[in-house]
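Trainee: This is what each chain is made of:
2 protein chains.
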Amino acid sequence: MTNETGDRELVLTRLMDAPPDKVYRASTEPELVKQWFAPAPWTIARAEMDVRPGGASLVVMRSPEGNEMPCPGVFLEVVPNRRLVFTDAYTGAWQPSAKPFMTVIVTFEDEGGKTRYTARALHWTVDDREAHEKMGFHQGWGQCADQLAAVAARI
Amino acid sequence: MTNETGDRELVLTRLMDAPPDKVYRASTEPELVKQWFAPAPWTIARAEMDVRPGGASLVVMRSPEGNEMPCPGVFLEVVPNRRLVFTDAYTGAWQPSAKPFMTVIVTFEDEGGKTRYTARALHWTVDDREAHEKMGFHQGWGQCADQLAAVAARI
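Top line first, the protein sequences correspond to chains A and B. Counting from 1 along the first sequence, just add 117 to a position and that's the residue number in the working numbering. Counting from 1 along the second sequence, just add 117 to a position and that's the residue number in the working numbering.
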């Protein structure tokens, strides 16, 4: 399934103690996304998401020092409660971004009432994958996934 | 509409003597696409198109000397008889290509029974836009558009 992009890909998976529709809701409703999308002590200053193919997404992360980092993107594929695909290659439909860095495929699979959450980050280059790994992908996305699980478990 | 990407964009437009549904058909049915998608004396050796968002497209051009140039891509947006968006940033849903070069937005507008055909090529960098222009975008795509108009007029 992922052989073609194996060396350009990073994967994170978690079994979450909430059903897929709740994990999906927490992944797509801005007020919920704000609660987990940045690894604490970073926060989300702003989250806007037009959840449909071609819809724009803008999440602005804020560092503990107050510096803001905007993360614009576009949804490519939306299958409610099942699957989300988005990329930073566009800032809107279909404005090329300054730098196409990655495409993220998120799947929400039912496992006996829990959710197998899997996020695959596909990069255009091996260098970008390596840089992302060194930036702390596993730790950062892992922490966010744990925060997401907590949000999904309480809604 | 295009200010944001003006210096990364190339545009071609033609008024074609066929209605939008025929120009659209000639743009999406492989057997018709083969008749115009390469500027003669280049030909199309192979055309496969899964015309839906996330669907893959593979067109292989053949030079007069017999050299083949594969052009893989993916459709991002499909509005029958109105609008097609595709990119070479992916080779399938959602495998990053070796080099995201451009996204093409094609619109088919009715003008009194004829079709205003507009193809906008949006590049990720100014360098790529310039390279595309030097490769002969206006002449090459212009010739293909004339060939497309001829196919659409006779189907």
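It cannot be assumed that every hint is accurate.
Identical copies go unnamed one by one, so any copy, or any two together, can satisfy a pair.
As the list claims (entries may be wrong) - The list that follows gives simulated cross-link-like pairs (lysine to aspartate or glutamate, DMTMM-like), each with its CA atoms no further than 25 angstroms apart:
#1 K216 with E228
#2 K251 with E146
#3 K231 with D205
#4 K216 with E226
#5 K231 with D245
#6 K216 with D205
#7 K151 with D138
#8 K216 with D244
#9 K216 with E194
Rather than coming from a laboratory, the hints here were simulated on the basis of the structure.
Trainee: All hints, please: hold or fail.
Mentor: A quick look at each hint next to the structure:
1. K216 with E228: neither (37 angstroms within a copy, 37 angstroms between copies)
2. K251 with E146: The answer is neither: 30 angstroms in one copy and 45 angstroms across copies each exceed 25 angstroms.
3. K231 with D205: Neither, since 29 angstroms and 37 angstroms both go past 25 angstroms.
4. K216 with E226: neither (31 angstroms within a copy, 32 angstroms between copies)
5. K231 with D245: For K231 and D245, the Cα distance exceeds 25 angstroms both inside one copy (33 angstroms) and across copies (46 angstroms).
6. K216 with D205: Classified as both; 8 angstroms inside a copy, 15 angstroms across copies.
7. K151 with D138: Answer is within: at 18 angstroms inside a copy they meet the 25 angstroms cutoff, but 44 angstroms across does not.
8. K216 with D244: both (13 angstroms within a copy, 13 angstroms between copies)
9. K216 with E194: both (20 angstroms within a copy, 21 angstroms between copies)
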